[in-house]
Amino acid sequence: MNELLRNALALPPQSSSIAREIDTLHYTVILTTIAGVTIAALVTAVFLIRYRRRSAAIPLTPRVILPIWLEVVVFGGLLAMFCAWWLVGFIQYRKIQNPPPDAMPIYVTAKQWMWKFAYPSGPTSTDVLVVPVGRPVKLIMTSRDVIHSFYVPQFRIKQDVVPGRALTAWFEAIEPGTSEILCAEYCGARHSLMRGQVVALTGDDYARWLDAARAPLVLPGAKGDGHGLAERGRQVAADRGCLRCHSLDGSAFIGPTWAGVFGQRRRTADGGEVLIDEAYLTQSMMEPRAVIAAGFPAVMPSYQGVLTPEETSAILELIRSLREVSPAQVVPPPAVPLEFREAPAAGPGPGRAAGVVPGSVPGGAR
Amino acid sequence: MARPNDELSDDELSSDEHAPGALGYVLVWLALIVLATLTLFASRAVTGGWGLVVALAIAGAKALLVLAFFMHLAGGRPVHRLTFAAAMAFLVLLILGILADVGTRSIASSYVDDMGGRP
Amino acid sequence: MTLTVVPPEPASPEPPPPAPAPPLGAEPAAVELDYLRAEPGIRSWLTTTDHKRIALMFLVAVTLALILGGTFAMILRTKLLTPGPALMSPMTYNRMFTLHGVVMVFMFMIPAIPAVFGNFCLPMMLGAKDLAFPRINLASFYVYCTGAALTLWGMVHGGADTGWTFYAPYSTVSPTDVAPVAFGVFVLGVSSIMTGLNFIATTHMLRTRGLRWHDMPIFVWAIYATSVIQVIATPVLGLAVTLVALDHALHMGIFDPALGGDPVLFEHLFWFYSHPAVYIMILPAMGVISEIVPTFSKKHQSSYRALAYSSLGIAFIGFLTWGHHLFVAGISQFDAGVFGLLSMFVAIFSAIKVFTWISTLYRGSITFNTPMLYFFAFVYLFAFGGMTGIAVATTSLDVPWHDTYFVVAHFHFIMIGGTLTAFLGAIHYWFPKMFGRMYPERWGLVSAFLVFAGFNLTFVPQFLLGNAGMPRRYYSYPVRFHILNVASSLGAYLLATALILTLAYLLISLRWGARAPANPWGSRGFEWRSPSPPPVHNFVTPLDPTRGPYAYDEPPPDEVPPVST
Amino acid sequence: MTAPARVPAVQIQYDSLERQHVTARLGMWVFLSSESLLFAGLLALYAAYRLAYPVEFHAASTHANLVIGTVNTYILLTSSLTMALAIHATRRGRRRDTVLLLVATMAMGLTFDVLKAVEYAEHLAEGIAPGGYYTYEGLAAHGAVLYVTLYYLLTGLHALHVTGGLVMLAWLTVRAHRGDFTPGSHIALELGGLYWHLVDLVWIFLWPLLYLIG
Ligand code: HEA
Ligand code: HEA
Ligand code: CUA
Ligand SMILES: [Cu+2]
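Protein chains in written order, with numbering that gives the first Met the number 0: chain A, 0 to 365; chain B, 0 to 118; chain C, 0 to 564; chain D, 0 to 213.
These are computed hints drawn from the structure, not numbers from a lab. Be aware that one or more of the hints could be misleading.
Every beta carbon over 10 Å from chain C, so not counted as near; a handful from chain B, in silico [as the list claims (entries may be wrong)]:
(1) 22
(2) 42
(3) 57
(4) 80
(5) 85
Cβ-Cβ distance ranges computed for the label pairs, FRET-style [to be verified]:
(6) D/134 with A/294: 28 to 38 Å
(7) A/267 with D/64: 31 to 41 Å
(8) A/1 with C/156: 50 to 60 Å
From the three backbone atoms N, C-alpha and C, an ideal C-beta is built for every residue, glycine too.
In isolation and in its complexed conformation, chain A is listed as follows (with noise of 0.2 Å):
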């Protein structure tokens, strides 16, 4: 029954551990839709049959008054169904949006028009997710421009991912697989080719993936725009004389090093604690006294209107690209973000690769 209700309503596969209930649901609204509308119809339609007018001359009618109880149980009733339409739906609503607690965190980041996944464990990849079957999988997600949509039809999951703000999204693949990432909110010009996929690998492949991943980052580079940029960020940093104060191999200058903090937390002075991520890192530029480094002199001056957005985001990507560089280790050159490309295969869209991942077979083919 599920499978034909869904081939006929041209859904796709149910590749997450919610898609069934929703479709569910679904399938309830549309058929009760459905039947309403065409009971609606037709009595329509016999009604405009059965009493058409049969003389030339026009009779007078009865005026019709409905019994008040008749309106009363039939908008009732359908109020009653919306209703508990909304609350299933609701209910639904709530476990789509909240994560379960133990759910494996992965960082998205959106651009024009790329998607970037950062894990936990260190590995990036662009447009490729790799996740882990039978384990929720937590995206925490923000955009460095405009607003995008995470939408992965397959796991009916939509979620719009705003800039300056980190949006969660879940879901747990049920079974190995690709299934297909678009960008569902309007972003400009390349906004319909702003595709990915995800790849849900079983455990064991899941974990020599990683494995592979961490390794050596020894991977074709020329491509990613993170090196060319990082290095740009570093011309940039050496300018405008941030290397004055901050340094990129782990000591400690005036102000704190750059090396191998980022994705890590920062002890504030009063007392707290914030993520260092790209916004974080982008307000001390522009507003450093709005959040202060513990142990550190609130001295650095604003650089508001005086980097320019490329020279910001060229510093980003530097710092980014030292994530890697442990305090202690001395490191020029600097690593550059790890990408997973290989043969292009049936690539999401002209003009980008497809991922596809070392030590394993995607699509499904298990």
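Fit chains B, C and D with the ligands to the supplied structure of chain A, relying on the hints for placement.
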């Protein structure tokens, strides 16, 4: 709903609405000035969340005075009161609808909290 | 193509009156010329304050807007025949759907029924000689033209690509020229407010002696409720688009996250207007249907009060549901729950209307003219479109559906299946009154059927596309969506053909149609108690409202010439 | 509005001049309702951002010029009085008083605008400018700049209304001087008064919201 037009009394049709008269206007004005001054002091005396409540309450009182007497809502046709009240109701609704959202989630910059849990 | 002009079935067999003579049904005392011929010359038209003439000018304007928006739609559909790049660049496509949305919503749909048929009929239905503020009425037409011109200029001058929703922050950084289009929308909004204001004042103050609120035709209630929304909600839209334009031009940054702003607040402001705005589009259409049904079934409305008050109910509750466009936009779950629940309530009022029309047919004496076929299409398409609205208002279901073709299909079902259908119904229904000519009934029925068929072929596949996961505003799409897209495009061509056919025979019958009697449908409606076309001041003898507009259980009032023997 | 000519004529659709005037008044109220919703959007933004940034809003509001703000409040309140009295004078048939009171109202409106301009100039000189133009160093931009932008938008929109009101008052003054308004028929003056009071009404709320954040 307003009453059907044919029930409009001659009184309502006369262009002279029930106006307070010159002395009345001056008294209303005095009250407005007093209230304005009161706001000024209240803003010093009452701070925190209540400050806003007091300020808005006084502003509301002043607005009512202006509406009722300067703008003749007090003696005018009920439909005028209804019209403006409806507008105010929707104004409040807009604000409430947005606050119901913003007040129960985090807005732009406070999002760092949400990012918790990252290793 | 040979066009046979068929006299309407229930039309009176009397010979049409000679050309310039006083129109049929006029008392001998009336030597007044009808409003079309009263003062000839372009100038007298352009400076007229006669609500009927202004209505006609609006009719021309919105028809042009419909053709323009329809042309964009055809271009969109032609592009979508191919999954990959074709025909135009992505940016051109993006501008195209934006302008399609903007033109259709702000230049066609919102003024369509109120400014044309509301303008024409409201004073007549109240027994008034004109609207309360005729000059504001004329001004609203010129403001409309200014806004339209601005929008069109912005279109030529680069064209916005933000979608009709202008979401920040994209709209504030878009490489295209957003400001003129946004400002054009603002000006169009001013026109809409002026129209609404006029209708409210007219309804309150210019009902003819003895016409009480509960004797007014349902259409007036619908227009009145619409006007309330127009007056209350439109300023908020004006403000929201102005902020976007300011931001685009001057970087005001009120929604800019870099400055601490929150883009979702723009969405709140936009939908505070635009959700009620969808009721600006549908309420007048419901009003039209509420006139057509009793006329052609010769029966009193089953429940006058239910129809009248449900319009107000939709207008008011409609203000409380805007958040249902934001379920996945990042609003709080609390807000989503509240707005989701309230959306369910607004549906009840629509359901009340649908069931009331259907039950009005019961034991009627029905003739099946073109407007009736449109009514049938309306019931089916609106109910389906509305129920899919309920489906997307069900919070969890909207998560996969949001911003997919399912939503596109939902609103085209209501806006074309509902409003455009009612607009076409209205134009056929009031054509004799407005122009004093009959349209060809047979052609009317055929093209109404084609519209219905073409429409279903266009938009039913889009529901399936949405289910399958095709997002909207997609220039290129994965190949697995190909077949359904081709079906939809073919349907669109059929729909366009049917509409062009409609336009063609209507234009032809303007000149060559049979002369229309005062009341070809045998309606009891007030506007039919005056000659066709009406004299400048609407009625030859003052309207006597004692016999109501739906009193089909009583013998007809005397003014109406006897119809069909 | 349906501006009556010198000799007020009843338009064709009305049965009496009285009804025409009552209708005009209703129309004006509908217009004022619509107008106040224009401010609603900005007020809603204000509410949302103030809820999100209470501290920043407080800090930023201390930079507003309370003296000018307060003086302007008294000025507008008083101009409302003179406007009301001007209509009262017309009702009593005192044409000269009407003109004088209208001129006084205009003078106060003008003073309001001038003071506002002074205030703007002061802020701009300091770098307290809206949005991306904000360069003031004494106050971290984040959050505070939203207050500043809203300050400009709200007071700017209001000042536009004051200015529009002034144009309208000038026209009314000319007509009053010409003697267009009689005790029994002065609808244009009345509507103008309503509009002017609305401008006052808006300021009554803007003042505590922008200048007096406790
Ligand atoms: C005229 C226009 C119009 C109308 C009247 C409606 C009416 C409704 N709309 Fe629609 N809507 C739009 C135009 C309209 N809409 C547009 C343009 C968009 C997209 C905007 C964009 O993003 O670009 C949209 C989007 C939209 C969304 C957002 C989807 C998304 O983006 O994710 C939602 C969500 O709740 C929604 C809900 C509703 C509801 C609940 C109604 C209700 O009012 C419907 C009520 C009617 C009925 C319920 C039918 C009557 C019922 C019956 C006859 C009973 C049938 C019988 C049985 C079942 C027994 N609409
Ligand atoms: C009133 C509203 C309205 C109307 C009538 C239409 C009509 C049509 N629309 Fe549109 N549409 C919208 C409102 C409307 N649309 C909106 C708001 C959007 C969202 C935009 C956005 O994303 O921002 C949209 C988006 C939209 C899309 C999605 C684009 C995308 O997301 O990529 C598509 C795709 O198929 C589409 C198709 C059509 C088609 C085929 C028609 C056809 O029905 C058109 C047929 C009409 C004609 C061909 C004109 C012929 C007319 C005459 C000859 C005149 C007859 C006149 C008389 C008889 C008086 N529309
Ligand atoms: Cu990103 Cu659309
Ligand atoms: Cu809606």
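Hint check:
1. 22: holds, 33 Å
2. 42: holds, 25 Å
3. 57: holds, 26 Å
4. 80: holds, 14 Å
5. 85: Residue 85 of chain B is in fact no farther than 10 Å from some Cβ atom of chain C, at 7 Å.
6. D/134 with A/294: 28 to 38 Å: holds, 30 Å
7. A/267 with D/64: 31 to 41 Å: holds, 34 Å
8. A/1 with C/156: 50 to 60 Å: This hint holds: roughly 53 Å between Cβ atoms.
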